[in-house]
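Taking the hints into account, I'd like the entire structure generated from these sequences.
Protein chains in written order, with our numbering: chain S, 22 to 832; chain U, 237 to 346.
In short, the hints are calculated from the structure, not lab data.
It should be emphasised that the depicted structure is a prediction, and the values quoted were computed from it without experimental measurement.
For glycine and all other residues, C-beta sits at the position ideal for the given N, C-alpha and C.
Please note that a few of the clues may not be correct.
Here are some of the chain U residues that sit facing chain S, going by a computed Cβ distance under 8 Å [unchecked claim]: (1) V256; (2) K283; (3) C293; (4) Y298; (5) E318.
Far from chain S by the CB rule (all over 10 Å, computed), these chain U residues [to be verified]: (6) M245; (7) T249; (8) H257; (9) S260; (10) E272; (11) I273; (12) I291; (13) L301; (14) K305; (15) D309; (16) D310; (17) G319; (18) C320; (19) V328; (20) K342.
Below 25 Å or equal to it, Euclidean Cα-Cα: the simulated BS3-like pairs (lysine-lysine) are [as the list claims (entries may be wrong)]: (21) K283(U) with K527(S); (22) K322(S) with K543(S); (23) K628(S) with K283(U); (24) K689(S) with K471(S); (25) K238(U) with K579(S); (26) K608(S) with K807(S); (27) K543(S) with K305(U); (28) K331(U) with K471(S); (29) K305(U) with K458(S); (30) K579(S) with K305(U); (31) K45(S) with K251(U); (32) K342(U) with K471(S).
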Amino acid sequence: MAKKKLVLVGNGMAGVRCIEDILKLAPDKYEITIFGSELHPNYNRISLSSVLAGDADMKDIILNDWDWYNENHITLYSGQTVDKIDPVKKWVRSSSGLVVSYDELILATGSLPFMLPLPGANKEGVIAFRDIKDCQTMVETSKKYKKAIVIGGGLLGIEAARGLLNLNMDVSVVHIFSHLMERQLDPTAAHMLQQELENQGMKFLLEKNTKAILGKKRVTSLEFTDGSTVEADLVVMAVGIKPNVALAKDCGIEVNRGIVVNDYLETSDPHVYAVGECAEHRGTVYGLVAPLYEQGNVLAKRLAGVETEGYQGSVLATKLKVSGVNVFSAGQFMDAPGTKVVRVQDDFDGIYKKIVMKNGKIIGSVLFGDTTEGSELFSMIRKQEDVSGREREILLPAGTGTAKSGVDRVAAMPMDEIICGCNGVTKETIIQAIKEKGCTSVQDVKACTKASGSCGGCKPLVVDLLTYVLGAEGVQTEKEGICGCTSLSHSEVVDAIRRMELTTTKEVMNVLEWSQSEGCSKCRPALNYYLGMVWPKEHVEERESRFVNERNHANIQKDGTYSVVPRIYGGVTTPGDLKKIADVAVKYNVPMVKFTGGQRIDLFGVKKEDLPKVWEELDMPSGYAYGKALRTVKTCVGSTWCRFGTQDSMKMGIELEKKLERLNTPAKIKLAVSGCPRNCSEATVKDLGVVAIDGGWEIYVGGNGGTDVRTADLLVKVKTEEEVMEWTQSYFQYYRETANYNERTSKWVERIGLETIQKELEQKENRMALVERIENVLSLMEDPWKEIIENNELRKTFEPLSYLNLVGTAE
Amino acid sequence: MKRIVIANMSDITEKRSRVVHIGSLEIALFKLSTGEIRAIENSCPHKAGKLSEGIVCDHHVYCPLHDWKINLDDGLVQSPDEGCVTTYRVEVDQKNGDISIDVEEKLLVF
Chain S
22 MAKKKLVLVG
32 NGMAGVRCIE
42 DILKLAPDKY
52 EITIFGSELH
62 PNYNRISLSS
72 VLAGDADMKD
82 IILNDWDWYN
92 ENHITLYSGQ
102 TVDKIDPVKK
112 WVRSSSGLVV
122 SYDELILATG
132 SLPFMLPLPG
142 ANKEGVIAFR
152 DIKDCQTMVE
162 TSKKYKKAIV
172 IGGGLLGIEA
182 ARGLLNLNMD
192 VSVVHIFSHL
202 MERQLDPTAA
212 HMLQQELENQ
222 GMKFLLEKNT
232 KAILGKKRVT
242 SLEFTDGSTV
252 EADLVVMAVG
262 IKPNVALAKD
272 CGIEVNRGIV
282 VNDYLETSDP
292 HVYAVGECAE
302 HRGTVYGLVA
312 PLYEQGNVLA
322 KRLAGVETEG
332 YQGSVLATKL
342 KVSGVNVFSA
352 GQFMDAPGTK
362 VVRVQDDFDG
372 IYKKIVMKNG
382 KIIGSVLFGD
392 TTEGSELFSM
402 IRKQEDVSGR
412 EREILLPAGT
422 GTAKSGVDRV
432 AAMPMDEIIC
442 GCNGVTKETI
452 IQAIKEKGCT
462 SVQDVKACTK
472 ASGSCGGCKP
482 LVVDLLTYVL
492 GAEGVQTEKE
502 GICGCTSLSH
512 SEVVDAIRRM
522 ELTTTKEVMN
532 VLEWSQSEGC
542 SKCRPALNYY
552 LGMVWPKEHV
562 EERESRFVNE
572 RNHANIQKDG
582 TYSVVPRIYG
592 GVTTPGDLKK
602 IADVAVKYNV
612 PMVKFTGGQR
622 IDLFGVKKED
632 LPKVWEELDM
642 PSGYAYGKAL
652 RTVKTCVGST
662 WCRFGTQDSM
672 KMGIELEKKL
682 ERLNTPAKIK
692 LAVSGCPRNC
702 SEATVKDLGV
712 VAIDGGWEIY
722 VGGNGGTDVR
732 TADLLVKVKT
742 EEEVMEWTQS
752 YFQYYRETAN
762 YNERTSKWVE
772 RIGLETIQKE
782 LEQKENRMAL
792 VERIENVLSL
802 MEDPWKEIIE
812 NNELRKTFEP
822 LSYLNLVGTA
832 E
Chain U
237 MKRIVIANMS
247 DITEKRSRVV
257 HIGSLEIALF
267 KLSTGEIRAI
277 ENSCPHKAGK
287 LSEGIVCDHH
297 VYCPLHDWKI
307 NLDDGLVQSP
317 DEGCVTTYRV
327 EVDQKNGDIS
337 IDVEEKLLVF
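Written out as structure tokens, the structure reads:
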């Protein structure tokens with residue numbers, strides 16, 4: 022099939038992003054031609070202020086370099102402005118007379134700076150702040166002249182002024198209103214901003230209305246309506262933008278303030294579309310990048326023939342960054358009747374935070390000085406999340422104090438700093454992926470670079486880097502599906518398994534329309550766990566969906582050998598068992614014997630084919646040191662020996678371990694029992710820790726001493742050993758039923774909240790129901806080592822195939 | 237080249253793998269869910285992980301060490317990682333289920 026001709030007028034961010042999306046969705050559908058007035062490839066216009074401020078080079082802000090156009094077979098006419106469209110014969114003509122015909126035409130002509138029609142506005146030295154040329158003019162001017170005036174105290178004006186300050190000019194900002202950025206900031210934040218900028222050397226002339234620009238050929242001063250004047254060698258008008266609609270208007274396409282489009286970005290002409298700052302959707306013209314990208318994406322789907330709900334309009338968020346100051350603003354940020362406000366103001370550190378609430382939902386926010394919460398707030402505003410009851414926590418998270426924001430922290434890191442320690446991914450690699458490969462979410466970055474793909478501990482840093490490069494509004498927060506095969510969350514999948522009574526991974530993937538028919542290494546083990554958790558009796562264990570360690574019941578090491586850890590209940594062993602372990606180690610030439618952190622013994626370097634024999638001769642149960650299961654119960658010696666001990670911690674630990682051994686859980690669980698509050702078994706950094714007190718026990722939960730160091734929370738104080746068992750069992754069954762696969766208790770407790778857990782376990786009948794379910798599961802578990810030793814079919818799979826028959830000579 | 241029988245269909249369960257040593261060569265044999273057999277060198281190009289221990293999804297295997305994804309049809313490592321493992325063409329005798337491959341004679345030192 023011949024390719025259709027697609028022409029894009031406007032080589033800017035919105036249009037080119039749309040083309041990128043089309044190339045992803047339907048790479049072969051169109052022959053693409055792009056016209057751009059500027060002599061540059063597509064660059065990040067938002068970052069022009071960084072170039073001017075000296076924080077970035079021109080080459081740093083290029084989004085698509087020349088090669089990109091070549092590689093994607095796009096014909097680019099740069100420096101050519103389209104001046105005519107014939108929508109009937111379907112062609113466009115450029116100012117140099119070049120005529121190109123089209124099947125589909127996208128107008129992304131952007132906007133023009135609004136130049137105040139003042140007397141003298143055409144004098145030399147009066148410019149706008151819109152493109153690279155304007156930047157160059159400012160740089161040139163700063164070499165010869167001193168006094169700069171910026172008309173407009175909005176976002177653009179302040180960024181321009183900051184840039185001019187960097188060029189060592191004497192800069193004054195003229196603003197018609199009494200406070201700066203009135204469209205984004207309330208008076209308090211605006212005042213703080215003004216003070217900060219004044220400290221940086223910027224001057225302000227507020228509530229001034231310009232009457233005329235004076236001078237002969239070149240501007241020399243400005244006159245205001247109140248009769249006062251101010252000297253000026255350069256005047257930058259930054260009072261606003263207007264959609265560039267002339268081209269559309271000339272050929273009869275419906276135009277209001279912008280080019281009128283419907284939800285599918287279609288104009289009044291069936292083959293002409295408009296995206297970006299030139300388009301007017303439901304009466305609104307957008308000037309920020311996020312909505313423009315959303316529009317581009319919808320249009321791309323439309324043109325690629327992919328189903329889309331259409332563009333529904335956007336909630337706006339702004340992030341202003343002038344050196345040293347962070348400002349965030351979103352939604353309806355002004356107090357109004359019917360709204361309630363949470364406000365934090367700290368004049369010492371120059372921090373101001375405000376959220377505006379209505380009916381339990383956040384409808385707007387202003388952050389000044391520290392915008393850490395910006396992305397989170399913006400997503401809450403967009404999702405219209407009900408935050409009743411935790412209004413304060415949003416702005417006053419426990420323990421953050423005056424810590425630097427994450428974005429500032431990553432901004433200050435050197436480029437070669439490792440962000441993802443598991444995969445050795447540097448800040449530079451991630452930034453490249455964001456800038457060059459268009460990554461806008463953690464998922465994207467993971468797919469491009471592997472960062473955060475392993476332990477996931479660096480996810481917050483990746484988010485900070487994304488925010489740092491793209492701004493809060495540019496970062497996509499995706500719903501975290503189980504894996505790339507589905508967009509469904511863990512709990513949605515579990516619900517479906519229960520509701521539709523799904524019993525095999527194959528069935529789950531089929532019914533829930535997995536994108537890869539047999540899943541991936543992430544979802545297969547997860548589904549196998551969920552199925553076993555929901556249907557403990559009915560589910561047939563799928564060995565092929567288990568990670569190697571859980572399939573072979575040993576820990577694979579980097580050389581392909583395995584380590585073997587037999588169960589040593591409560592860390593209490595006997596000379597007989599130690600002798601047995603030693604004998605096996607000698608017999609099978611085990612190269613290393615090491616004590617684990619959980620009071621057991623690890624035999625390293627065992628060959629796969631020796632595993633069943635080693636287990637057989639050990640004749641001890643599996644310690645499950647390889648599984649998402651109960652690992653160890655660490656104990657101190659307690660009242661048996663210790664002069665401080667108040668209870669028999671070893672006995673308690675051994676009983677717990679015997680009760681819970683072989684239990685499959687969403688992630689590994691580690692327990693400890695301490696005989697007194699000195700807590701020698703470190704029970705407060707365990708998934709569940711029991712600490713003896715005089716006359717009873719304290720049960721702590723959600724602790725972690727590994728990747729996510731967290732002090733455990735006190736779940737409950739009980740009196741008897743039976744109660745310890747009951748609470749422990751019901752707690753872990755509740756964890757099994759509600760946690761995401763691979764979610765440690767430390768994360769789970771944070772996610773669902775300690776109170777929720779306490780409430781669930783408060784009633785005796787609830788606890789007993791959970792205990793009954795966990796007892797049922799435990800009664801079905803067998804020792805896996807024994808099972809393999811006794812099952813010839815299984816045992817065979819541990820050996821390599823050995824027979825080789827020569828059957829002839831191949832040609 | 238010599239053709240040798242190295243396994244039988246009954247030796248391998250679906251979506252699982254068995255290992256065969258031929259001289260110094262270690263081959264992982266996979267049975268896909270379609271019943272087809274694939275043979276590749278049992279060593280991940282990344283850190284020599286035993287691919288035979290990986291999770292099999294369609295015609296891909298995920299290395300058990302660092303989750304590299306490898307196409308069993310052509311041996312190519314899938315992005316964002318790069319590399320390739322050697323693949324071997326296998327023949328299955330439809331009558332008795334014997335699986336054979338062609339190897340260079342010099343490898344056949346028993």
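Hints versus structure:
| no. | hint | result |
| --- | --- | --- |
| 1 | V256 | 5 Å, holds |
| 2 | K283 | 7 Å, holds |
| 3 | C293 | 4 Å, holds |
| 4 | Y298 | 4 Å, holds |
| 5 | E318 | 12 Å, violated |
| 6 | M245 | 12 Å, holds |
| 7 | T249 | 7 Å, violated |
| 8 | H257 | 6 Å, violated |
| 9 | S260 | 14 Å, holds |
| 10 | E272 | 13 Å, holds |
| 11 | I273 | 12 Å, holds |
| 12 | I291 | 5 Å, violated |
| 13 | L301 | 7 Å, violated |
| 14 | K305 | 8 Å, violated |
| 15 | D309 | 14 Å, holds |
| 16 | D310 | 18 Å, holds |
| 17 | G319 | 14 Å, holds |
| 18 | C320 | 18 Å, holds |
| 19 | V328 | 13 Å, holds |
| 20 | K342 | 14 Å, holds |
| 21 | K283(U) with K527(S) | 31 Å, violated |
| 22 | K322(S) with K543(S) | 29 Å, violated |
| 23 | K628(S) with K283(U) | 18 Å, holds |
| 24 | K689(S) with K471(S) | 24 Å, holds |
| 25 | K238(U) with K579(S) | 33 Å, violated |
| 26 | K608(S) with K807(S) | 20 Å, holds |
| 27 | K543(S) with K305(U) | 12 Å, holds |
| 28 | K331(U) with K471(S) | 45 Å, violated |
| 29 | K305(U) with K458(S) | 21 Å, holds |
| 30 | K579(S) with K305(U) | 17 Å, holds |
| 31 | K45(S) with K251(U) | 32 Å, violated |
| 32 | K342(U) with K471(S) | 40 Å, violated |
Hints 5, 7, 8, 12, 13, 14, 21, 22, 25, 28, 31 and 32 from the list above are not met by this structure, while the remaining hints are.
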